[in-house]
Amino acid sequence: FFESIGIHPSKLGSLLPQDNFFFSEDDTLLNAARVLHEFGFPWDRLGILYVESGCFFKCGASELKGRLCGFKRYGFCNAQVVGICLAFPFVFDGQKGDEVEALFCDLGLLFGELGLAECVEGKGNNSVDDWIGVCRKIRLFYDLNGGRSLVELVGGNNGVGVGVILEHGEEELVQATEYFCSFGAKKEDVARLIVDGRELLELDLKTRVVDVVKLLKYFGMSSDDVEDVRRDYAHVLGTVKMGNLPNVMRALGLHEWFFGKIKDGNHCLLVSFVASYPNEVQDEGYLGCLKAIQESRTPTHNISKLNFLHAIGFGENALTMNVYAQMHGTSGKLQKRFNCLLRLGIEFSKICKMITIHPKILSQNPQNLEQKVNFFCQEMGYSLEHLITFPAFLCFDLENRIKPRYRFHMWIMEKGLSSKNYSITSMVATSDKNFVARALKIHPAALKHWFEQFYLRNLPVQ
190 FFESIGIHPS
200 KLGSLLPQDN
210 FFFSEDDTLL
220 NAARVLHEFG
230 FPWDRLGILY
240 VESGCFFKCG
250 ASELKGRLCG
260 FKRYGFCNAQ
270 VVGICLAFPF
280 VFDGQKGDEV
290 EALFCDLGLL
300 FGELGLAECV
310 EGKGNNSVDD
320 WIGVCRKIRL
330 FYDLNGGRSL
340 VELVGGNNGV
350 GVGVILEHGE
360 EELVQATEYF
370 CSFGAKKEDV
380 ARLIVDGREL
390 LELDLKTRVV
400 DVVKLLKYFG
410 MSSDDVEDVR
420 RDYAHVLGTV
430 KMGNLPNVMR
440 ALGLHEWFFG
450 KIKDGNHCLL
460 VSFVASYPNE
470 VQDEGYLGCL
480 KAIQESRTPT
490 HNISKLNFLH
500 AIGFGENALT
510 MNVYAQMHGT
520 SGKLQKRFNC
530 LLRLGIEFSK
540 ICKMITIHPK
550 ILSQNPQNLE
560 QKVNFFCQEM
570 GYSLEHLITF
580 PAFLCFDLEN
590 RIKPRYRFHM
600 WIMEKGLSSK
610 NYSITSMVAT
620 SDKNFVARAL
630 KIHPAALKHW
640 FEQFYLRNLP
650 VQ
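Each position in the sequence shown, counted from 1, maps to that position plus 189 in the numbering used here.
For the record, the hints were derived by calculation from the structure and aren't laboratory data. It is possible that part of the hints are untrue.
35 Å max Cα-Cα, derived DSBU-like pairs, lysine-lysine [stated by the list, open to error]:
hint, residue 1, residue 2
1, Lys-494, Lys-395
2, Lys-403, Lys-549
3, Lys-261, Lys-326
4, Lys-452, Lys-480
Construct the complete structure from the given sequences, taking the supplied hints into account.
So, in structure tokens, the structure goes:
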């Protein structure tokens, strides 16, 4: 039964209620399903309602019919009610009376006064599946807008939002939503942008490439600031795919600036830029390296690793290829390590700069990265800003290098054997030979203490 209404058997364990009401003698669950199906709900989609609002299946048949008829009193036909219920299953939740009332009033205006129902029917579409599709797209904007008035959002500007809903598919709208949310924008701002800037939905995000410097100039960045980008963010230069643009801007720390440029009626700026530069030429050196990767023994693995770099904002340039050559791991593992550094509080753009300085930081597994960052900040007392200037710290062995050297340094300071406060680099990056020579210069006792308390203890057992 559950499989027939669209619920996979593997999910039943977490969904079935403890009281097993569906096994009762009067077949409550089955009767509820029959009522819904007779009303017009597709049998294989009833699982959506059960998963998201299963409690109403406990209702008797007459009570459930009463609720459905109550929904129709707002002026909806059966097919529209089905679409609304499947897109907004919470309408069956008695605890959300005010929210449900506001939603139905908005939908009544949207379908009636704003002409959505007339447009759907005018295209010869009035089936249940048509209304499910329309209502799912409305739900997308409803969620983006935080549950606030749909009429104001979709019906404003002469009802332009109605055209967006009718003329674009759900997958297309979801893709655009995720794309513009990736700039770190507020969801309600993204909703407004998509409604007002329908032209943005026509952009080719998969294959179209743009030149980063040209884009920044076109969007009004000053010559001095562009030169700063060339100097400090060389890893983003060159061409990039439109689909990677949000993370290119995050890698520059300019994602909010960029979104601010295209919202509030300026969406045509991005569209006109793309139209102004239809055929960007990719760097020949980059293309030569790309060809070598494609002809390598493991092209799939190598291309996915390169695509990871592009996905976090690296451009199609020689520096990206140099970084690529020094990184190890699958794209999935590299992404987990990158996400780990984000989770630890390092800004997106600063992680990218750390990678350009020392690509091998992403060769560390997340657990090691977390332990090293925590030791750096909590025990050594340094800020993340210090780590950003010395990313190689993350590549040294924590137990056999970082901890013993740091604790030895603290010991000589406590004993007053040296007044010099050595930098992190001097403590960690100095070779063993030079480190020992320095300890001898400080004091013979310091050298003895180093070997007895720190060095010999950390030698691997044979």
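Quick rundown of the hints versus the structure:
Restraint check for Lys-494 and Lys-395: satisfied, since their Cα atoms lie roughly 18 Å apart, inside the 35 Å limit. Restraint check for Lys-403 and Lys-549: satisfied, since their Cα atoms lie roughly 31 Å apart, inside the 35 Å limit. With a C-alpha separation of about 21 Å, the suggested pair Lys-261 and Lys-326 falls inside the 35 Å cut-off, and the hint holds. Simply put, Lys-452 and Lys-480 have alpha-carbon atoms about 39 Å apart, too far for the 35 Å limit, and the pair is violated.
In the structure shown, a violation is registered for the earlier hint numbered 4 alone.
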